[in-house]
Amino acid sequence: MFDARTVRRDFPILQKPINGKPLIYLDSAATSLKPRPVLDAINDYYTRYTANINRGIYKISEEATERYEQARKKVAAFIHAKDAREIVFTRNATESLNLVYYSWAKEQLSHGDEVVGTIMEHHSNFVPWQQLSKERGVAFRIWNVDKRGLLDSHDLDKYITRKTKLLTFTAVSNVLGTINPIKNIVKKVKRVHPSCIILIDAAQMVPHMPMNVQDWGADVVVFSGHKMLGPTGIGVLWAKLDILGNMPPYQYGGDMIKEVHVHETVFNDVPHKFEAGTPDIAGAIGLGAAVDYLSRLGMEQVRNHEKEMTKYAFNALSSIKGLSIIGPKDEKKRGGVIAFTMKGIHPHDIAQVLDEDNVCIRVGFHCAQPLHEFFNIGPTARASFYIYTTKEDIDSLTSSLTKVKKMFA
Amino acid sequence: MYREIILDHYKHPRNFGTLAKPDASAQEYNATCGDRIRMEVRISKGNIKDIKFSGVGCAISQASASMLTEKVKRMDTNAVMKLATEDMLALLETTLTPSRIKCAVLPLEVLQKALKT
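If you read the sequences in order, they're chains W and L. Just so you know, the numbering used here puts 317 at position 317 of the first sequence, and the rest follows in order with no gaps. If you count the second sequence from 1, you need to add 1000 to reach the numbering used here.
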């Protein structure tokens, strides 16, 4: 049985009060806290078998290589990839997107082609396509949301044409919380336009709910390790093997080559072709441990817990007068992210007062400024939940927000 | 951080608005927090004769702007150009975290930009 209070015991950071008060961490959409098994796995690599991978003919190097490749297999199984070779380790979702931009989009797209993205994208999945349109004359068309913050898949016909070479969208919005109907969108697009590449930013989904890349039918999926209990510095690019195979390397260096001669180089196979230089070995191993941890909890359970927290927070926050929540109201349609505004109070002041009670939230545009402009709103405050969030955390949020209201009223 | 005086300046900003015929003006936008501040001044014989500010932002940036306008009225523009971060912190008389110092200094930056042009 899933119990957030039991889960919390695995997180060293939650055991130590700050200034005598407990830590109320409500910013997991920015980065998650790290459980003991992940920290132990990283520490184990750095204390027991520190060695580079893919080259040492000695025990600890072989162990490091094996554990690094094991992590790849774990990640592959976690997202239901067909083959572990489809998993490329990067620094984060942003680097994965840049890899697609440099090694696929810049190679494949030219004047007259079109890319479709959505207004709810994180800057990391917005700026590359905007810049591509400036550099190459590739049209960047933006799929807007409705007033509730939902994408209407009936609108797709308006945006997808024969010229569309790439459709990209986020699995879960980091501001609205909207969970997009991936399978439905992919099916619709592929039916009329099978060669259109579909790229999904799953950074806000992989940590929070079960997912299956094969079932989606998309071509490329990116996400970060640090939002799913893993360390910072490790991210994932998943793509179908034929797509990866046709992409040129993103960076040159060691590990990504098979042979190097004075005038010629033979590149390594996928995925090593995209992992130049010594990778974040400890990071990958830590991510593997994070995947194990989440798998033990069960992603269905994780999702159910977050749904419960979201519903509870919705009710609690709705009781504060002058507070408006952005995005869909139905917790079944959204992830554990609630962005809001308070009438007449700047989000920075909200966060600052909350910090006095160790309540950590994120304020600003959450790397989604076009979305804020679309809704014609200024910066927002955002609380986000994860496996260690309890109703008590949300009660603390509510009471601190009430304090904020009194102070600035 | 939110001393009574800061909240008072936030809720009842002094010298808020615009001038009919400003001698100098400037505005700045802080993209990370969406703060927007505009300063308009009238200058006579090298002194600030009148000053108004407008814009939106957090309590720190708004209070800081309000307090700054009170401080610099009738001040020599050369002296205003010499004001620095420490002066703004002294004005607010509060401790600020690194990320909020930007909010406190933004009004001064806008004013100095106006005086430079």
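Keep in mind the hints are simulated off the structure, nothing from the lab. Hints are not guaranteed to be accurate.
[Unchecked claim] Once the Cα atoms are required to be at most 25 Å apart in a straight line, the calculated SDA-like pairs of lysine to any residue come out as:
#	chain 1	residue 1	chain 2	residue 2
1	W	K321	L	K1011
2	W	K403	L	A1084
3	W	K343	L	R1003
4	W	K403	L	R1042
5	W	K403	L	D1008
6	W	K321	L	H1012
7	L	K1011	W	M407
8	W	K405	L	P1022
9	W	K343	L	I1043
10	W	K406	L	L1096
11	W	K21	W	D355
12	W	K406	L	K1049
13	W	K21	L	H1012
14	W	K406	L	A1084
Evaluated hints:
Proposed proximity of K321 of chain W and K1011 of chain L is supported: the alpha carbons are some 19 Å apart, at most 25 Å. A distance of roughly 33 Å separates the Cα atoms of K403 of chain W and A1084 of chain L; the hinted pair therefore is violated under the 25 Å criterion. Under the criterion of a C-alpha separation no larger than 25 Å, the hint pairing K343 of chain W with R1003 of chain L is consistent with the structure, at around 21 Å. With a C-alpha separation of about 40 Å, the suggested pair K403 of chain W and R1042 of chain L falls outside the 25 Å cut-off, and the hint is violated.
For the hint linking K403 of chain W to D1008 of chain L, the alpha-carbon distance of about 17 Å falls within 25 Å, and the restraint holds. Taking the CA atoms of K321 of chain W and H1012 of chain L, the gap is about 22 Å. The hint holds against a cut of 25 Å. Between K1011 of chain L and M407 of chain W, the direct Cα distance comes to roughly 11 Å. Compliance with the 25 Å bound is thereby established for this hinted pair. Restraint check: the Cα-Cα separation between K405 of chain W and P1022 of chain L comes to about 37 Å, which exceeds 25 Å; the hinted pair is violated.
Between K343 of chain W and I1043 of chain L, the direct Cα distance comes to roughly 37 Å. Violation of the 25 Å bound is thereby established for this hinted pair. Straight-line distance between C-alpha atoms of K406 of chain W and L1096 of chain L comes to about 21 Å, which keeps the hinted pair within the 25 Å bound. Between K21 of chain W and D355 of chain W the CA atoms are separated by roughly 11 Å; this keeps the pair inside 25 Å, and the hint holds. Annotation: proposed proximity of K406 of chain W to K1049 of chain L is violated, straight-line Cα distance about 37 Å (limit 25 Å).
Annotation: proposed proximity of K21 of chain W to H1012 of chain L is violated, straight-line Cα distance about 34 Å (limit 25 Å). The suggested pairing of K406 of chain W with A1084 of chain L is violated, with an alpha-carbon distance near 33 Å, which exceeds 25 Å.
Violation of the numbered hints given earlier is confined to hints 2, 4, 8, 9, 12, 13 and 14; the remaining hints are satisfied by the structure.
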